[in-house]
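**Student:** Here is how the chains run, residue by residue.
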Amino acid sequence: MSASVEELKAIASPVVVDARGVSCPGPILAAKKQIPSVTVGNVMEVLATDSGTLKDIPAWCRKMGHDFLGSFEEAGAIHLFLRKAK
Amino acid sequence: MLTPPWRNTSQYQRKQVTKMSKKTIIVFSGDYDRMMAAFIIANGAAAMDDEVTMFFTFWGLSALRKQQKPVGGKSDNSFLQNMFGGMLPKHAEKLGLSKFNFGGAGRFMMKKVMKSENVMTVAELISTAQEQGIKMIACTMSMDVLGISKDELIDGIEYAGVATYLGEADESNVNLFI
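Protein chains in written order, with this note's numbering: chain F, 1 to 86; chain X, 1 to 178.
Chain F extracted, bound-state conformation (with noise of 0.2 angstroms):
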């Protein structure tokens, strides 16, 4: 399942993790730490910088069983979004 881009900034996401500047394993520890704050079917955004994130949150995603839904580049932030499954 990949949305667009455009698809994608048009999801206004209910929960942003900041996860820019600090490098790996750091992006998935953040989104660990707040993914209990969504709701079930909700939208998380997450923030980074470091560019192995890009593979890093879709293989957090399938092992803890979330929908990965894609990313994007922009002002040399990297954007990913998932749908929080269970």
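Calculated from the structure, these hints are not laboratory results. A couple of the hints might just be wrong.
In silico BS3-like links for lysine-lysine, alpha-carbon gap of 30 angstroms or less [what the hints assert, rightly or not]:
| hint | chain 1 | residue 1 | chain 2 | residue 2 |
| --- | --- | --- | --- | --- |
| 1 | F | LYS55 | X | LYS69 |
| 2 | F | LYS32 | F | LYS9 |
| 3 | F | LYS32 | X | LYS69 |
| 4 | F | LYS33 | X | LYS115 |
| 5 | X | LYS69 | X | LYS115 |
| 6 | X | LYS135 | X | LYS115 |
| 7 | F | LYS32 | X | LYS112 |
| 8 | X | LYS94 | X | LYS69 |
Keep in mind that this is a model prediction, so the values were computed, not measured.
For chain F, the structure is supplied; the task is to place chain X on it using the hints.
**Tutor:** Below, chain X alone, put in the same frame as chain F:
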């Protein structure tokens, strides 16, 4: 209607993917860089909902030493045990690099770069590991050999031997020796 019922497995697939698993890591080395690798893997696995057990033996034990050495209390260590204890790195942030250490200058430079790149130090990785409920076990046999006592090591860890580690490893699907 065209899909036969046995093909409609999506609900089962999700269960398979999210199965909890366990990782075990033996931390033998007392090198700063290897310690970073061990703790990054451990913290990553815990963030992915895995149960993690780290077993610290020999030089790896140095990482668990308290920053502040406990005062008072006469130790019943022999001279040689005290000598080992005195020569070992005092705590996690005093570990040397496996390469380019140059008597600590290399580590100093690497930590400077790490700080500017916002990379977590070993001490930070250890406290994150404790927050995430990673089980850390100190090998009591190597503690005896190196003259390390329990009050020198950080709180919240367990003490055990090879059978405990093997029992944990039996239940795990990834096992690393670092």
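**Student:** Please go over all the hints and tell whether each is borne out by the structure.
**Tutor:** Here is what the structure says about each hint:
1. A distance of roughly 42 angstroms separates the Cα atoms of LYS55/F and LYS69/X; the hinted pair therefore is violated under the 30 angstroms criterion.
2. Restraint check for LYS32/F and LYS9/F: the C-alpha separation of about 23 angstroms stays at or below 30 angstroms, so the hint holds.
3. Taken as a hint, the LYS32/F and LYS69/X pair is broken in the structure, with Cα atoms around 34 angstroms apart against an allowance of 30 angstroms.
4. Restraint check: the Cα-Cα separation between LYS33/F and LYS115/X comes to about 22 angstroms, which is no more than 30 angstroms; the hinted pair holds.
5. Of the pairs offered as hints, the one joining LYS69/X and LYS115/X holds, with about 26 angstroms between alpha carbons and a cut-off of 30 angstroms not exceeded.
6. For the suggested pair LYS135/X and LYS115/X, the alpha carbons sit about 27 angstroms apart, so the restraint of at most 30 angstroms is met.
7. For the proposed pair LYS32/F and LYS112/X, the alpha carbon gap of about 28 angstroms is at most 30 angstroms, so the pair holds.
8. Our distance criterion of 30 angstroms between C-alpha atoms is met by LYS94/X and LYS69/X, whose separation comes to about 13 angstroms.
The structure is inconsistent with the numbered hints 1 and 3, although it conforms to all the rest.
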